[in-house]
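Take the sequences, apply the hints, and build the full model.
2 protein chains.
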Amino acid sequence: MTARETNPNFMNGVPELLILKLLQKEEMYGYEIVQALRNRTDAVIAVGEGVVYPVLHSLERDKALKSRRKIVNGRSRIYYMITPAGLRRFADLSETWTNLAVAIQQMLTGAQYDKAFS
Amino acid sequence: MTARETNPNFMNGVPELLILKLLQKEEMYGYEIVQALRNRTDAVIAVGEGVVYPVLHSLERDKALKSRRKIVNGRSRIYYMITPAGLRRFADLSETWTNLAVAIQQMLTGAQYDKAFS
DNA sequence: AATTATACCTAGTGATTCAAGGTATATGTC
DNA sequence: GACATATACCTTGAATCACTAGGTATAATT
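Each protein sequence line maps, in turn, to chains G and P.
Residue 105 in our numbering sits at position 105 of the first sequence, with consecutive numbering throughout.
Residue 57 in our numbering sits at position 57 of the second sequence, with consecutive numbering throughout.
Quick caveat, the hints were computed from the structure, so don't treat them as lab data.
Accuracy of the hints is not assured; some may be wrong.
Which copy is meant is left open, so a pair is good if it fits within one copy or across any two.
[Claimed, not checked] Lysine to any residue pairs mimicking SDA-like chemistry, simulated, CA-CA at most 20 Å apart:
no., residue 1, residue 2
1, Lys21, Met107
2, Lys25, Gln105
3, Lys25, Lys63
4, Lys25, Met107
5, Lys21, Phe10
6, Lys21, Leu100
7, Lys21, Asn99
8, Lys25, Gly110
9, Lys25, Arg75
10, Lys70, Leu100
11, Lys63, Gln106
Keep in mind that this is a model prediction, so the values were computed, not measured.
Structural data, given as structure tokens:
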């Protein structure tokens, strides 16, 4: 058996990344996030509430977000805002994503430089 | 309940995409593919054999690939080559991936055009 | 009065990746 | 000859995570 060194579930974590990105600009509530993602990506990214709410809860559990309840128009909303830990997490995820996207793009466009020389 | 219309597991299928890409240029065998992915992406994408072999089998089951056994240096290898169906599948996956990557990149770089007017 | 939109939630399923094994032969090293 | 490493195939089981499909409740619209 050779050494393994793979990446832990390298394709996941994008909803988390995008949510953290949105919350960097302003506090938002779950329902709002669901629609923001849909609208701002032309429905290319259309994650439902079943994805967003659990991610929000898990991020809050990890202290990457905090929340406060707020009544607007007689409706109870839970606004989430990002913490310093959340910012760090965003930076990590963001870098990981970028590396991945670049690597895939290079593969697809066929960038040839086998680097057998190092 | 509102209409849902999400995308089925929108983050997956990248190993499949990359394998199809590699096989577009030349026939390859599983072990070779594992290392090619690692080498050509500087280990950013390091999927193990436990990912590659099942994907190859499933693609062959779907007639996207066909295979032939070949003995080289007394070693038995199974070479895979892409079929017309595989080319179509690649085109689909490739487009899906590109759309996704563009959407995410726009979100991350903060392209503002809320398109509340349509 | 009934439907739609807002706003929260979770349980269960399914797809897929990852870790960790297993088999067998060839090659290189001590 | 003995041993480790590299090549080359494979699968099982756990974990992750997104998706489906529900559920509750209030406000606004028809």
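These are the hints, each one checked on the structure:
Taking CA atoms no more than 20 Å apart as the test, Lys21 paired with Met107 passes between copies only; the shortest distance there is 8 Å, against 27 Å inside one copy. Taking the shortest Cα distances, Lys25 and Gln105 sit within 20 Å of each other only across copies (16 Å), while inside one copy they are farther apart (28 Å). Taking the closest pair of Cα atoms, Lys25 and Lys63 come within 20 Å of each other only inside a single copy of the chain (18 Å); across copies the shortest separation is 47 Å, beyond that limit. Taking identical chains as interchangeable, the C-alpha atoms of Lys25 and Met107 lie at most 20 Å apart only when they sit on different chains, with a minimum of 12 Å there against 33 Å within one chain.
Proximity of Lys21 to Phe10 under the C-alpha cut-off of 20 Å is found in both arrangements, the shortest distances being 19 Å within a copy and 19 Å between copies. Taking the shortest Cα distances, Lys21 and Leu100 sit within 20 Å of each other both inside one copy (18 Å) and across copies (16 Å). Taking the shortest alpha-carbon separations for Lys21 and Asn99, both the intra-copy value of 17 Å and the inter-copy value of 19 Å come in at or below 20 Å. In this homomeric assembly, Lys25 and Gly110 come within 20 Å of each other (Cα to Cα) only across copies, at 10 Å, whereas the closest approach inside a single copy is 36 Å.
With identical chains, the CA atoms of Lys25 and Arg75 are never at most 20 Å apart, being 23 Å at best within one copy and 58 Å at best between copies. In this assembly of identical chains, the alpha carbons of Lys70 and Leu100 never lie at most 20 Å apart, being 38 Å within a copy and 34 Å across copies at closest. In the homo-oligomer, the alpha carbons of Lys63 and Gln106 never lie at most 20 Å apart, since the shortest distance is 36 Å inside one protomer and 27 Å across protomers.
When the structure is compared with the earlier hints, violations turn up for hints 9, 10 and 11 and for no others.
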